[in-house]
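Enquirer: Next come the chains, spelled out residue by residue.
4 protein chains.
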Amino acid sequence: MVEEQFPLKGYSLPLTPQGRSSVVEPPPWYYGGDIMQLMFQADPDRIKALIPPPLEMGPYPGQGIVWFVEWVSVSESNPDLAFINPERTIYRECLVLIGCSFQGESGYINPYIWVNNDFTLMRGFFQGFPKKLARIYLTKLHDLNPKVGGKRVGAKFKGICEAHGERVVEGSLEFTRQADPSELPAPRFFLMRHFPSIEEPSKPAVHEIVRSVVSDVKVADVWAGNADIAFMESAVEEVADIGPIQPLGGFYHQMGLTITGGKVLYRY
Amino acid sequence: MVEEQFPLKGYSLPLTPQGRSSVVEPPPWYYGGDIMQLMFQADPDRIKALIPPPLEMGPYPGQGIVWFVEWVSVSESNPDLAFINPERTIYRECLVLIGCSFQGESGYINPYIWVNNDFTLMRGFFQGFPKKLARIYLTKLHDLNPKVGGKRVGAKFKGICEAHGERVVEGSLEFTRQADPSELPAPRFFLMRHFPSIEEPSKPAVHEIVRSVVSDVKVADVWAGNADIAFMESAVEEVADIGPIQPLGGFYHQMGLTITGGKVLYRY
Amino acid sequence: MVEEQFPLKGYSLPLTPQGRSSVVEPPPWYYGGDIMQLMFQADPDRIKALIPPPLEMGPYPGQGIVWFVEWVSVSESNPDLAFINPERTIYRECLVLIGCSFQGESGYINPYIWVNNDFTLMRGFFQGFPKKLARIYLTKLHDLNPKVGGKRVGAKFKGICEAHGERVVEGSLEFTRQADPSELPAPRFFLMRHFPSIEEPSKPAVHEIVRSVVSDVKVADVWAGNADIAFMESAVEEVADIGPIQPLGGFYHQMGLTITGGKVLYRY
Amino acid sequence: MVEEQFPLKGYSLPLTPQGRSSVVEPPPWYYGGDIMQLMFQADPDRIKALIPPPLEMGPYPGQGIVWFVEWVSVSESNPDLAFINPERTIYRECLVLIGCSFQGESGYINPYIWVNNDFTLMRGFFQGFPKKLARIYLTKLHDLNPKVGGKRVGAKFKGICEAHGERVVEGSLEFTRQADPSELPAPRFFLMRHFPSIEEPSKPAVHEIVRSVVSDVKVADVWAGNADIAFMESAVEEVADIGPIQPLGGFYHQMGLTITGGKVLYRY
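Protein chains in written order, with our numbering: chain A, 1 to 268; chain B, 1001 to 1268; chain C, 2001 to 2268; chain D, 3001 to 3268.
Note that these hints are calculated values from the structure, not bench results. Note that CB positions come from ideal geometry on N, CA and C, so glycine has one too. Do not take every clue at face value.
Label pairs and their in silico Cβ distance ranges [said to hold, decoys possible]:
| no. | chain 1 | residue 1 | chain 2 | residue 2 | range |
| --- | --- | --- | --- | --- | --- |
| 1 | B | Asp1221 | A | Glu199 | 27 to 37 Å |
| 2 | D | Asp3143 | B | Ala1235 | 22 to 32 Å |
| 3 | C | Gln2018 | A | Arg152 | 45 to 55 Å |
| 4 | B | Ala1230 | D | Gly3243 | 21 to 31 Å |
| 5 | A | Glu199 | D | Asp3080 | 49 to 59 Å |
| 6 | C | Arg2152 | B | Pro1185 | 36 to 46 Å |
| 7 | D | Ser3106 | A | Lys151 | 48 to 58 Å |
| 8 | A | Gln178 | C | Ser2077 | 55 to 65 Å |
Not everything, but these chain A residues come out facing chain B in the computed CB check (under 8 Å) [claimed, not checked]:
| no. | residue |
| --- | --- |
| 9 | Phe6 |
| 10 | Tyr11 |
| 11 | Ser12 |
| 12 | Leu13 |
| 13 | Pro14 |
| 14 | Thr16 |
| 15 | Pro27 |
| 16 | Pro111 |
| 17 | Met192 |
| 18 | Glu233 |
| 19 | Val236 |
| 20 | Glu237 |
| 21 | Gly243 |
Reference listing, derived: stretches of chain C covered by chain D, where coverage requires no fewer than 3 residues with Cβ under 8 Å from a Cβ of chain D [what the hints assert, rightly or not]:
| no. | stretch |
| --- | --- |
| 22 | 2009-2018 |
| 23 | 2046-2058 |
| 24 | 2085-2095 |
Based on the provided sequences and hints, a complete structural model is requested.
Expert: Structure below.
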């Protein structure tokens, strides 16, 4: 996009004279979050239906993870936005990850994800996260609340994801011990970017598998615990089709990272 | 997308085994709405900055329209959704239209638009509407409220659009007379589809001008009146840069239509 | 409250120098609404638990009604508010009514009710409606949407009430015929006003049965149909304890009315 | 309320068979919060209008405080609620405090306060806080976000309060140093409980000045800094009538406390 030819500015719609209004600013994007991740074992036959070729089943067939996160994120071009307008920088998400592999490299795909703001919804679409809007409720642990208390052995944390009037995912963790960052699953994501054509609904204009390019991952304050997970029936969502699952424990931790873009691995 | 090769279904992300969860279903999309449209005259020099080539200034330089609408929409593939889950079918929007022309044909571009739900946000992106989330408040006229009353000469209707804690657009209409559908501006839209690349932020994967393909437009119960419009200063939005405007009157009416897709007019 | 002695003004908190900020303005309050009411038969033994003395079981033991409504309301002191700030005048509610009688006069009590805005939440408390916040989703029938259509034989309307991430009530109506206003149940309400003491939690400062003083009731555009109702299990709400119910049909109609206050019938 | 006579249970409406649904549970209430408090000097003549007798101007006429808080609270009767349903335990508030005195004892009254959930709205009314609903946006400082960072000298925190589509209060703090809990203003509140009569709008059923009974106050992690405050003009709110103010600095800190009720000091 050469500015002489095309006078509007911006990384994404709306493209405008100042380029200040785009719903998503260009990467790099900087994140800091508080994450509950809950591992589970599902029936590999059901999970298989969620992994489109050329992706393949991963080394632990049927394993997956649920994340509940509250993020604060800003971009390189507007690093002070968390102060200028906090609403533009904070969001919550609930996502389901499914173990898979691409050409022998293992990672996760993300069949379902819900968030609670527009900038992250669109930024997710640009990256290949199939985001939808929801309300996501998370326990707030607080050291000075006499009955709730802070992070400690025995602390209990719950996440609830409700979309279009239906509760669709619940997850919880009872903290049993502090843990080491090395115990966490590696967050390597194979994502599917998809943008429909407007002329032919059955032929997308963009359809590709990408790998997120993530750097500067930092993890702190990791707690391990016993997990519980529920995927609810819905008239709209299909997450309950994952079927009966067995929770395998989980973690609550802080994480920081930078996303600089993605690498296209495969084009359909 | 051949189903044998690619097992997931859906018009848009998330693509899933059942194809029931996509945030947007394939067209045709069927709409019925209650619309306040308010015409205005702005400074053509300021308006010019909003019209990217190959679009050109229209026959009435500096003229534009503000719409406040409450829509109910369903798709061909799920026509009963307004009953199954009303939340998935109702939304409000506030949009700004700017008169322009393409190869001698006059119409409108849409530099700014706000909506209040995810399915319409994404469906807008697929069509070329640069939608962002907002809360949109509209007067409810009601025949049986003794003080508010229904549509009539003297009725007053207001729309307020608030995004990320800022009020960004206000518009109002005082009904002066019933009007004929033929008095309404023709709703011909030149839209800009844009989808970023994930590898190179400055080179979009999709960037094109399209014309909406709209059919079965029906209009009913048209009222004309005196308009008022305000574009507010914002730390995020640029709509106030349209500058001082002069309201030129407006309409309130019902409209029904079907969108079957779009036609690409130009690729950047 | 003599103004010389007490300089702040207002019908309700906040009391302020101008008296313009109160969350609720003084009555009379003027209403216009679109109402779906669904009648049901429950087990009288379960219903009995919801009727506190001196109220007694009504002439049709175990009968009740569910209302889903979108109201627009304004007060005598600020009749133009629907135009000044629409958000302050529109709300939705879902309520459960239970047939009862007081000293031989039959009417309804309201054990459960949810609304979606603060002014109506507080105004409800002042009247004796035990309101809580929720999100309430209602079908929008629209004549010009080619697939949804307007009010007609065969039209289907649904209401969904979701509070704190749980769907708590669903109701729906399939229109079978136009009906006469005289077919509607009489809306006579026995309400319980209750305001806790701050010194002794077990002794309320106000606890009384009141009858709403309603005037100028107007009803229009009545449709009758087949009803469906579901009360959902909840970790917070008790509405599902009403137990299995049998829908008895329902109505969709417009209604206007004026509430000028209430009459205290009994003080505990 | 003797249970034999009155079978329904609960501290507040709705009173129900199980007593589990009340919008507010009985005290004690346990709080833990993250608080930004910003001190200001206003014109004492304007402030005077906000202090009703028998309260009097305090020792520092015209001084006030703005709080932006995110609280987690639970009650004695349901201490696990932060886990069972987080939404029922977290809320945000923005409040304005005005220095005053009662019979020679100095403290604060609270003319304006906004919160974002129903349980705290009603609990506030029972205590004498004149709460209204709003959306309250707060910066999230996070140690692991590379650009936002955590609490430190130079960190910047903003609060924004938006109600009914209007931004009504903004406040911000730039951290300059760690501080001692002893530097904080003492949180002693004189509150006004008020509950209208339903028969005579001009004669409230309850109207009294109370003092909150607060115990176990704990403060931690106190930062001092430079403050900025803005009260915005509104068609509904009167907070801007406080007039021009001079920020006097502020604090960001954690606080825990227990409220066991209130003591009535004066009945109108």
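Enquirer: Against each hint, give a clear statement of whether it holds in the structure.
Expert: These are the hints, each one checked on the structure:
1. Between B/Asp1221 and A/Glu199, the C-beta spacing of about 34 Å keeps the proposed range 27 to 37 Å intact.
2. One distance hint, 22 to 32 Å for the beta-carbon pair D/Asp3143 and B/Ala1235, holds here, with the actual separation near 26 Å.
3. Separated by about 49 Å at the C-beta atoms, C/Gln2018 and A/Arg152 satisfy the suggested range of 45 to 55 Å.
4. Look at B/Ala1230 against D/Gly3243: about 25 Å separates their beta carbons, and that is inside 21 to 31 Å.
5. For the pair A/Glu199 and D/Asp3080, the beta carbons lie near 55 Å from each other, so the given range of 49 to 59 Å is met.
6. Between C/Arg2152 and B/Pro1185 the Cβ separation comes to about 31 Å, which falls outside the hinted range of 36 to 46 Å.
7. The given range of 48 to 58 Å is broken by D/Ser3106 and A/Lys151, whose C-beta atoms sit roughly 38 Å from each other.
8. A beta carbon spacing of about 60 Å between A/Gln178 and C/Ser2077 agrees with the range 55 to 65 Å that was offered as a hint.
9. Checking A/Phe6 against chain B: minimum C-beta separation of about 6 Å stays under 8 Å; hint holds.
10. Because the beta carbon of A/Tyr11 sits about 6 Å from the nearest beta carbon in chain B, less than 8 Å, this interface hint is met.
11. A least Cβ separation of about 6 Å between A/Ser12 and chain B falls short of the 8 Å threshold, and the interface hint therefore holds.
12. A cut of 8 Å between beta carbons decides the hint on A/Leu13: the least distance to chain B is about 3 Å, and the hint holds.
13. Restraint check, A/Pro14 versus chain B: the minimum CB separation of about 3 Å is within 8 Å; hint holds.
14. A distance limit of 8 Å between C-beta atoms decides the matter here; for A/Thr16 the minimum to chain B is near 5 Å, and the interface restraint holds.
15. Taking 8 Å as the C-beta contact cut-off toward chain B, the hint placing A/Pro27 at the interface holds, the least distance being around 6 Å.
16. At about 6 Å, the closest approach between the beta carbon of A/Pro111 and any beta carbon in chain B falls short of 8 Å, and the interface hint on this residue holds.
17. With a cut of 8 Å, the hint placing A/Met192 at the interface with chain B holds, because the nearest CB-to-CB distance is about 7 Å.
18. For A/Glu233, the interface hint is violated, since its Cβ never comes within 8 Å of a Cβ in chain B; the closest pair sits about 12 Å apart.
19. A hinted interface residue such as A/Val236 counts as satisfied when its beta carbon comes closer than 8 Å to some beta carbon of chain B; here the least separation is about 6 Å, so the hint holds.
20. At its closest, the beta carbon of A/Glu237 sits 5 Å from a beta carbon of chain B; the interface hint therefore holds under the 8 Å criterion.
21. Evaluation of the A/Gly243 hint against chain B yields a violated restraint, the C-beta minimum of about 12 Å exceeding 8 Å.
22. With a threshold of 8 Å between beta carbons, the proposed coverage of the stretch 2009-2018 of chain C by chain D holds, since 8 of its residues qualify and at least three are required.
23. Using a Cβ-Cβ cut-off of 8 Å, 4 residues of the stretch 2046-2058 of chain C lie near chain D, which meets the minimum of three, so the contact claim holds.
24. Chain D is given as covering the stretch 2085-2095 of chain C, and this holds because 3 residues of the stretch bring a CB closer than 8 Å to a CB of that chain, at least three being needed.
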